[in-house]
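8 protein chains.
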Amino acid sequence: MTKKKEPIVSVVMGSDSDLPVMMEAVNILKMFHIPHEVYLTSAHRAPERTALFAKTAQKRGVKIIIVGAGAAAHLAGVIASQTPLPVIGVPLDATTLGGLDALLSTLQMPGGIPVATMAVGKAGAKNAALFAVRMLALNDIKLGKELAAYIENMAGDVLKKQEKIQNALHPEN
Amino acid sequence: MTKKKEPIVSVVMGSDSDLPVMMEAVNILKMFHIPHEVYLTSAHRAPERTALFAKTAQKRGVKIIIVGAGAAAHLAGVIASQTPLPVIGVPLDATTLGGLDALLSTLQMPGGIPVATMAVGKAGAKNAALFAVRMLALNDIKLGKELAAYIENMAGDVLKKQEKIQNALHPEN
Amino acid sequence: MTKKKEPIVSVVMGSDSDLPVMMEAVNILKMFHIPHEVYLTSAHRAPERTALFAKTAQKRGVKIIIVGAGAAAHLAGVIASQTPLPVIGVPLDATTLGGLDALLSTLQMPGGIPVATMAVGKAGAKNAALFAVRMLALNDIKLGKELAAYIENMAGDVLKKQEKIQNALHPEN
Amino acid sequence: MTKKKEPIVSVVMGSDSDLPVMMEAVNILKMFHIPHEVYLTSAHRAPERTALFAKTAQKRGVKIIIVGAGAAAHLAGVIASQTPLPVIGVPLDATTLGGLDALLSTLQMPGGIPVATMAVGKAGAKNAALFAVRMLALNDIKLGKELAAYIENMAGDVLKKQEKIQNALHPEN
Amino acid sequence: MTKKKEPIVSVVMGSDSDLPVMMEAVNILKMFHIPHEVYLTSAHRAPERTALFAKTAQKRGVKIIIVGAGAAAHLAGVIASQTPLPVIGVPLDATTLGGLDALLSTLQMPGGIPVATMAVGKAGAKNAALFAVRMLALNDIKLGKELAAYIENMAGDVLKKQEKIQNALHPEN
Amino acid sequence: MTKKKEPIVSVVMGSDSDLPVMMEAVNILKMFHIPHEVYLTSAHRAPERTALFAKTAQKRGVKIIIVGAGAAAHLAGVIASQTPLPVIGVPLDATTLGGLDALLSTLQMPGGIPVATMAVGKAGAKNAALFAVRMLALNDIKLGKELAAYIENMAGDVLKKQEKIQNALHPEN
Amino acid sequence: MTKKKEPIVSVVMGSDSDLPVMMEAVNILKMFHIPHEVYLTSAHRAPERTALFAKTAQKRGVKIIIVGAGAAAHLAGVIASQTPLPVIGVPLDATTLGGLDALLSTLQMPGGIPVATMAVGKAGAKNAALFAVRMLALNDIKLGKELAAYIENMAGDVLKKQEKIQNALHPEN
Amino acid sequence: MTKKKEPIVSVVMGSDSDLPVMMEAVNILKMFHIPHEVYLTSAHRAPERTALFAKTAQKRGVKIIIVGAGAAAHLAGVIASQTPLPVIGVPLDATTLGGLDALLSTLQMPGGIPVATMAVGKAGAKNAALFAVRMLALNDIKLGKELAAYIENMAGDVLKKQEKIQNALHPEN
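Residue numbers (the numbering used here), protein chains in the order written: chain A, 1 to 173; chain B, 1001 to 1173; chain C, 2001 to 2173; chain D, 3001 to 3173; chain E, 4001 to 4173; chain F, 5001 to 5173; chain G, 6001 to 6173; chain H, 7001 to 7173.
So here's chain A without its partners, still in its complex pose:
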């Protein structure tokens, strides 16, 4: 399966400087072998490109769109208004306001056009992809099993970290 063929999740961002944060989403999609693409566009600097992307995504076979944007983060909402696909927004910390501007610009969508908003920054980017996995697993038994294993592993990681802490505190044990 080649990533650039038939992507079913599109990871969109407003600026190439957003890539390091949005890689958290990409890496999760890679881990679960979800065909995906990385797409750069801007609600404000490239509105026609954005509209074209949004209007053709469904026809191209994309099922879920993840959008990272900072400042007055309109990109997720603008895309959501031009596609019936589920859109997940990741507010980015790109100004002096700690991401509060992007958070409110992404989240406070008026009734009618939903954007599923995640936490600001890397945690949000990672969770956006995990949310896509949860959606896709509804109709994909194999993926569902991988997701269940992933969730179980997280609990296991906590146990390992407990040991690590314990050793740090009581090296003699």
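Please keep in mind that the hints were generated in silico from the structure rather than gathered at the bench. Take these hints with a grain of salt, some might be off.
[Unchecked claim] Taking lysine to aspartate or glutamate pairs in the EDC-like style, the calculated list, with each CA pair at most 20 Å apart, reads:
no. : chain 1 : residue 1 : chain 2 : residue 2
1   : H       : Lys7145   : H       : Asp7157
2   : G       : Lys6161   : A       : Glu152
3   : H       : Lys7059   : E       : Glu4048
4   : G       : Lys6161   : A       : Glu48
5   : B       : Lys1142   : B       : Glu1006
6   : C       : Lys2055   : G       : Glu6048
7   : C       : Lys2055   : G       : Asp6016
8   : C       : Lys2059   : C       : Glu2006
9   : B       : Lys1161   : C       : Glu2048
10  : E       : Lys4145   : E       : Asp4157
11  : G       : Lys6145   : G       : Asp6157
12  : H       : Lys7030   : H       : Asp7140
Given chain A's structure and the hints, the job is docking chains B, C, D, E, F, G and H onto it.
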């Protein structure tokens, strides 16, 4: 199709006082004929009921969980941590802080367990259900057509309101 | 001069419920006899109507666009990205967050596409129109004189209010 | 007295990266010779481990639970909902929002399940342990005397710092 | 047992206008038959009265102090600095800032003097008393049983509300 | 002594709608028999009137200027920049932001030109006048005694309110 | 065309430390060959210089004033109150509050005196100049074409960045 | 005149780590030759020392008290409640919240006990001393002249900075 049979969307809330707001979600689900249930539980006052709900939802056939909660709104995150299903959170304005507490408690989930957060209050409740519709429409052609019609209608409503305003401003026309 | 002919200022809003606030702008435009129109569209619910409006405004002779919107207020930015005309944004208080969401969504535009943002609500709507007057007066001597008179009158109003207060405090004088 | 035996205060945290901050609590407990344990669990990544911890803490002889968590800090509330023991929450600064998210997520508990919240970060971690000491001193005369001495010492430290400042400002004296 | 004799919990507030909110604490204490007193003093308007109260509370047999205050809510911190007893703070919504001022003034205590802070307003006042009950139950088996019953009842109440909602939604059932 | 003659405190406000709040200052000045004036001007609508007021206040015998203003509250800073007299600012709650805009606009003066800022609204207006009394009492023994009595009375009021509460809670006593 | 002759845009700032941020505006003006000046004055430290500047700007041929200021950013409002020219405000991040103080002090102007506010910091400074270009292009066909080209170029830049990202992700292609 | 003799301004701070910021106040007092002292005390860690300081300040000849404190900054309010002298508060940025906690804790004093609050941090510390100078100059003609000169110099500094900028931009001139 009876609503109480085989719900595929579960609308959960932390208090019966949240019902008027969460009815915005219920009404959208009714409009799209999505089998659903309304479930009341509390992350804090009824943790075992909450855990039981979360752990058995998938087996009962539920596909999507919508959770409304106010104040230190843990309910969506607590449920999301005990089910692989996609969970949509609706922060409610239940304190003196305008919903900012519920918003941050719902949204700022750490990496690993996603909650798809919507706007505070009624707009968010409505959009939670519309997001569920977008998800379900990925695998339901009929629902997809209804969703497309719904989206198109919104644009039509804007036209009607334009006329209404025009008449209010220039009654002579 | 008929208002509906050749508007040079377009007052746009996202919802008919915004009209009472945006009338502050309309009333200033009427007072200065600026040909204007009131236009209702939504960045999210009517994106094509919005794009069409933005792309054709200049050709229709519109010189300045005033946009009022609440919540995740994308409308001003979305219009500004599709026209070279100056766009003035008025954040509206439409949610439980006191207009902070609309304020940040309108103001925090990334470099490249400016939106001239005014205060939240009625003061902002009024000032949006007065800012349009200041712009138009740069090339309209008569309007410049009316603007100068308006500014002078405000100082006079302060004097009258001083007397009113004085009488309220010392009715014997 | 071995720390790992019969802990009466449990210091819980959501991530091993929280340890440097939570050591402020550990160090106070060490200073007052309060038997304690350091426990790592996650409300979201390890919900069963968290539930087991909360439900068995009282039986294991734990009297007070201190919980540090960042972001959508649900851990303290989730534990408090599954134990009758007093739970003290320490919001941690783990995101771009300066700890405001953790603060509101920990503090704004609905009526019924209290979490005693301390300041964000190190000051809060230290005070969480000092609050535990105040509680335990209610029934421990010796500990009460040590607490009184600790409080008195703080006033003495202020005097020493005054001298230090005085010398810095007037080295000739 | 007369309330005015031998109070072991003191409910302190800065203004008689705070009483309706702080009654949430008083009512919980009454329900659990905890001897208590209601005490009015002000950190700023009656500093000597406040100091005398704080310094003598322990000798009078008080074990826990609950303090409600609004605006620049110094009262809890000022009392905590003059007694070794555990002090629980309840920030009140008494200004135009939704209680954020009282919240930060009560919570952000520097390391050394802890104040256990509860949610803003009525939920916080109720939880302050419930936290006192949790503390006292550590050394009072009977109270511990009553607390366990109270906690269990909350889960039962959730069930009753579920039925109420169910009937409201489906009256035919 | 006639108030309009020789005022030594000037109470300035930006709008006649501010009078009800600023009367809290006026009433304190009346109570302490401080000659004062009420002056209405606007930093923005009447800049020359404001400059004239500021530049001549000292020559007219004014010693202290109290300024109430809302929204982008520039008035106190603008006056302080044009007089060497001490200026006290009272931020007013005049917009949808709870007075936070006025608070920051009044308080965050850059180094060089101080404005002594009080709390938002009525408490701030009252305290502005009490701060003026504290200043004037530095050189007025009689006023100093009245101030001391005022401060003592506040403590007495607390006692009376304690009785009132006590009776409300235990009417039988 | 010499910049210091006949400036039609004046870029004003409150401190020389603001220059690196405000150069974003200057550079845009240079790129579009708009005659401009850089002017340093302070609303608070140099009120007469500020008043003189504001009152004479129009006569000197200035058409648009861009003002950058931090903290209690009064400068834009103070200038706008003394000139009929359009004034664009750029809030700067100059304190510990992330520019929120400057933002609200610049934006929340009362009805009557508009300040067109841009985003905090460099993005805002750049957009202030671009907004000035949009205004001037209303009456300058050549400038209008340059502006159109600039806008088109932004969309082109997005395409180039897409390629750059693509290559970074798939270097083999 | 020796500084340690007969101080008339007391600069108080809660921690020796506050000294670098509060030196801004000390340096202004030195520049104007105001006899002053630097005093370290803590509302919470040394309440008796604080009370003693506050109650005896007036008798020692102190006329004005400047107080710098961070976090839940109670120190200024606690001192103001125990002295009739004017108290100036400087909120310090000592936590993860950018000084917002100290700002609200210092500013939002209830009616009755005023604290004249300055900006957060160094600008506030400097202005606190300048406000003290303004107060003292009311009854000190020589100081009044020095203050007038200081104010005039600030305007001169602006001119010098203008030249500096001009040269940086146009080194050839």
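For each hint, the structure was consulted:
1. Lys7145(H) x Asp7157(H): holds (18 Å)
2. Lys6161(G) x Glu152(A): Answer violated: Lys6161(G) to Glu152(A) is near 38 Å, above 20 Å.
3. Lys7059(H) x Glu4048(E): holds (19 Å)
4. Lys6161(G) x Glu48(A): Status holds; Cα separation ~16 Å.
5. Lys1142(B) x Glu1006(B): holds (19 Å)
6. Lys2055(C) x Glu6048(G): violated (45 Å)
7. Lys2055(C) x Asp6016(G): This hinted pair is violated, its Cα atoms lying about 40 Å apart.
8. Lys2059(C) x Glu2006(C): holds (11 Å)
9. Lys1161(B) x Glu2048(C): holds (16 Å)
10. Lys4145(E) x Asp4157(E): holds (18 Å)
11. Lys6145(G) x Asp6157(G): Distance of about 18 Å is within 20 Å: holds.
12. Lys7030(H) x Asp7140(H): holds (16 Å)
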